[in-house]
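Undergrad: Spelled out, the chains give:
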Amino acid sequence: MIILYERASTGLGRLMRSLAIQKRVIYALLMREALTRYGRHNIGVFWLFVEPMTFTLGVTLLWTATGASHGSQLPIAAFALTGYSSVLLWRNMPGRCIHAIEPNASLLYHRNVRIIDIYLARIILEGMGATSSFVVLTLIFHFLNVIDLPEDVFKIIIGWSLLAWFGASLALALGTLSERSEIVEKIWHPGSYLLFPLSGAAFMLSAMPADFQNAVKWLPMVHCTEYIREGYFGSKVTSIYDLQYVVIFNVVLTLLGLSQLKIVANRVTPG
Amino acid sequence: MIKLIDVSKVYHTSTGRAVVLDHVNMTIERGEKVGILGRNGAGKSTLVRLLGGVEPPTSGDIRWSMSISWPLAFGGAFQSSLTGLDNLRFICRIYGVDYRDKIGYVDDFSELGRYLHEPVKTYSSGMRARLAFAISMVIEFDCFLIDEVVAVGDQRFQEKCQYELFEKRADRSFIIVSHDSNYIRDHCTKIGVIADGYLSLFDNADAAYQHYNDVNQPN
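Chains as they are written, first to last, in the numbering used here: chain A, 36 to 306; chain B, 867 to 1085.
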């Protein structure tokens, strides 16, 4: 389709303008989503990170109380914090993107709103929640003298960003596929539960038997979690990771998601 | 101008291909008022979605050289757990308009009073429609899309809508989809009748209704 009045300007000008529109639309969707989910009552949008925080806090307490073994000499609280925060990052984004279009289909009557914007708004919101929960809990635990601050923040940022990219591309792929088949949602629920213990949240790879290592090394989140822990604990842990593998995995998954997006965009009817 | 060139729309249903629009050609000039007639399921809403650019045609080309509104007074995109004001903010953000300049107008026009600060789910259908119409008037377009008559509120409110649309915005184009023959007769200078996927265009209401009745004769 050709849009004449948007064609009048140069290519770069057009790109800049559509980026500006997209930024605006995503911001509008983000605010709408946050307000719809958390409302204005009691702590309102603070639930965005208080909700994941309570998850992480609960798991941390549980693991501390049961003295869960994790194959390292690290304090269990720090272990649970880095592990479970990572799980929330890659697990919540797909959860929010599956069947995300139908309740929002009528928004597509506003021409500036595109399907990708609906996904991106939800992905960004989940990313913000998981990230702020991780940061705030780290500071609180540090303040309570439970854990030390991270040794290498830069490494954490790299590992965290790669994990967020993985979560986002998984969300896009599963979100779009769920518009085509009901099975996606049904598989994701048990799948995400089963992936949790395998994702590296509850173990250090180096403490595991070789067969197990080789098997779970296929999972990109294992590498990210290992790298985040190396950043956090530095020389106190032995991390095993291959970030190049994660990047390649993410690129492929992103391309898959984008290809599905094109198909779904042609199918969805605003309702 | 909006130009439809050989536009077809085919949906895949469980019983096979359904051709909803078959090589439709139409031009809407700036300032032109176009009515669309057709029975339920004839393809009026499909045409509205194609004209609005929210759904691509299966084949053919649509060219816009003017901006076109969302279907007017359309309240479907409201998030019902949010307040009327929240919904206004959302629309304004999407279209890059400062909502603070528009609150006064929407408050005044919708006559919702303190309900503007209440969740939309507490509104009656009339209140929803009033809010939807008021919000529709906040963003300016070259062409307004009206899907089904704006039969909103009481007589006085309808007159207000009428004034906003056809007098204050007399220079704009309108595309009106309706069953109400008087409404179309009063406002449109060009009328399209959709039947069996085909669009026939008329520049006079009597001829259009004659054709509409002919093609929809019970056999």
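Wrong hints could be hidden among the right ones.
What the hints assert, rightly or not - When the alpha-carbon atoms are kept at most 30 Å apart in a straight line, the in silico DSBU-like pairs for lysine-lysine are as follows:
hint : chain 1 : residue 1 : chain 2 : residue 2
1    : B       : Lys968    : A       : Lys297
2    : B       : Lys1034   : B       : Lys869
3    : A       : Lys58     : A       : Lys297
4    : A       : Lys58     : B       : Lys968
5    : A       : Lys58     : B       : Lys987
6    : A       : Lys221    : A       : Lys297
7    : A       : Lys252    : A       : Lys190
8    : A       : Lys58     : A       : Lys190
9    : B       : Lys1026   : B       : Lys1056
Unchecked claim - Now the stretches of chain A that chain B is said to cover, found in silico as 3 or more residues with beta-carbon under 8 Å:
hint : stretch
10   : 65-79
11   : 260-268
12   : 294-305
Unchecked claim - FRET-style restraints, in silico, Cβ to Cβ:
hint : chain 1 : residue 1 : chain 2 : residue 2 : range
13   : B       : Glu977    : A       : Phe81     : 32 to 40 Å
14   : A       : Phe90     : B       : Val876    : 23 to 31 Å
15   : A       : Val287    : B       : Ile871    : 34 to 42 Å
16   : B       : Ala1036   : A       : Glu137    : 53 to 61 Å
17   : A       : Ile78     : B       : Asn906    : 46 to 54 Å
18   : B       : Gln1024   : A       : Gly48     : 41 to 49 Å
19   : A       : Gly46     : B       : Ser931    : 50 to 58 Å
20   : B       : Glu977    : A       : Glu137    : 27 to 35 Å
No wet-lab data here; the hints were simulated from the structure. Built from N, CA and C at the ideal position, the CB exists for glycine as well.
Undergrad: Mind checking the alpha carbons of lysine 58(A) and lysine 190(A) for me, to see if they're no more than 30 Å apart?
TA: 28 Å, holds
Undergrad: Just to be careful, I want the Cα atoms of lysine 252(A) and lysine 190(A) compared with a cutoff of 30 Å; is the pair within it?
TA: 20 Å, holds
Undergrad: Given the hint that lysine 1034(B) pairs with lysine 869(B), does the C-alpha gap stay at or below 30 Å?
TA: Status holds; Cα separation ~25 Å.
Undergrad: Please work out if lysine 1026(B) and lysine 1056(B) have their alpha carbons no farther apart than 30 Å.
TA: Holds, at roughly 25 Å.
Undergrad: For the range 53 to 61 Å, tell me whether the beta carbons of alanine 1036(B) and glutamate 137(A) fit it or not.
TA: At roughly 39 Å between Cβ atoms, glutamate 137(A) and alanine 1036(B) fall outside 53 to 61 Å, so the hint is violated.
Undergrad: At the C-beta level, are phenylalanine 90(A) and valine 876(B) separated by a distance inside 23 to 31 Å?
TA: Once the Cβ atoms are compared, 47 Å apart, the range 23 to 31 Å for valine 876(B) and phenylalanine 90(A) is violated.
Undergrad: Just to be careful, I want the Cα atoms of lysine 58(A) and lysine 297(A) compared with a cutoff of 30 Å; is the pair within it?
TA: 20 Å, holds
Undergrad: Are at least 3 residues of the stretch 260-268 of chain A within less than 8 Å of chain B when you compare beta carbons?
TA: Answer violated; 0 residues pass the 8 Å Cβ test.
Undergrad: Quick check: does the Cβ-Cβ distance between glycine 46(A) and serine 931(B) fall within 50 to 58 Å?
TA: Taking Cβ atoms as reference, glycine 46(A) and serine 931(B) lie about 19 Å apart, which means the hint is violated.
Undergrad: That 46 to 54 Å hint for isoleucine 78(A) and asparagine 906(B) (C-beta), does it hold up?
TA: Given about 48 Å between the Cβ atoms, the range holds.
Undergrad: Just tell me: holds or violated, for the beta carbon distance of valine 287(A) and isoleucine 871(B) against 34 to 42 Å?
TA: 39 Å, holds
Undergrad: Determine whether the Cβ-Cβ distance between glutamine 1024(B) and glycine 48(A) falls within the hinted range of 41 to 49 Å.
TA: Since glutamine 1024(B) and glycine 48(A) have Cβ atoms about 43 Å apart, the given range 41 to 49 Å holds.
Of the numbered hints stated above, those contradicted by the structure are hints 1, 11, 14, 16, 19, listed in ascending order.
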